[in-house]
Amino acid sequence: MRDPRSSAPRGASSAGDESLLIQDESAMTTSTPAEPAAIRLPSVMLVMMLILAGSGVWASNSENGTARAYTYESSDRGMAEVEIPAKGRTYDEVLRRFEAYRAWKAEPSLQLHRTSRPEWTNPLLWLDNVTHIRWKLSYVEPSQDPRVDYWLDMWKDTGEWVTQDLR
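According to our numbering, the sequence shown is numbered sequentially starting from 1042.
Simulated from the structure, these hints should not be mistaken for laboratory data.
Please read these numbers as outputs of a predicted model, since none were measured by experiment.
Among these hints, one or two may not hold up.
DSSO-like cross-link-like pairs, simulated, lysine-lysine; straight-line CA separation at most 27 angstroms [said to hold, decoys possible]:
1) 1146 to 1197
2) 1146 to 1177
3) 1177 to 1128
Computed spacing ranges between beta-carbons, pair by pair [said to hold, decoys possible]:
4) 1148 to 1189: 13 to 21 angstroms
5) 1199 to 1089: 46 to 54 angstroms
6) 1173 to 1117: 19 to 27 angstroms
7) 1149 to 1194: 14 to 22 angstroms
8) 1085 to 1136: 19 to 27 angstroms
9) 1144 to 1084: 50 to 58 angstroms
Glycine included, every Cβ here is placed at the ideal spot set by N, Cα and C.
When you get a sec, could you build the whole thing from the sequences and use the hints?
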């Protein structure tokens, strides 16, 4: 049987074998220049940003398997609404219901306030916390007894549902 590093059979020794062995080992060790850290760092950061941005949609709709909810109230505290994007209850739907409530009250000075705070402890929600329009609404402390059944009074007065999805 031959030694893979030399042409001589195993166990055989000669002066030529040593020179072959040394020559073969030097050929095996080739150095390649290391990739500079300056190139790797931006690549890693870009990948991490893409992962966070991609998961931002998931994070704004769910947190630990439960649906995220954002709460709102009118300035007169006569209306309270909940936005649950994962369940189809969108911010636009909250605005439509508020506009219907404001028209029913005939008070154009009514304003919609958010009663939810941004969640900064979850990095997956940071993009939503910075970019979504809901965070431009002024914040007020939630009422002790929010009026989520305001639409019943509207229905009794008008005989019509507030929006189509309340049927």
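Comparing the hints with the structure gives:
1. 1146 to 1197: Cα-Cα ~13 angstroms, so holds.
2. 1146 to 1177: 24 angstroms, holds
3. 1177 to 1128: 23 angstroms, holds
4. 1148 to 1189: 13 to 21 angstroms: 19 angstroms, holds
5. 1199 to 1089: 46 to 54 angstroms: Taking Cβ atoms as reference, residue 1199 and residue 1089 lie about 52 angstroms apart, which means the hint holds.
6. 1173 to 1117: 19 to 27 angstroms: Hint holds: Cβ distance 25 angstroms, inside 19 to 27 angstroms.
7. 1149 to 1194: 14 to 22 angstroms: 19 angstroms, holds
8. 1085 to 1136: 19 to 27 angstroms: Since the Cβ atoms of residue 1085 and residue 1136 sit about 40 angstroms apart, the hinted range of 19 to 27 angstroms is violated.
9. 1144 to 1084: 50 to 58 angstroms: 54 angstroms, holds
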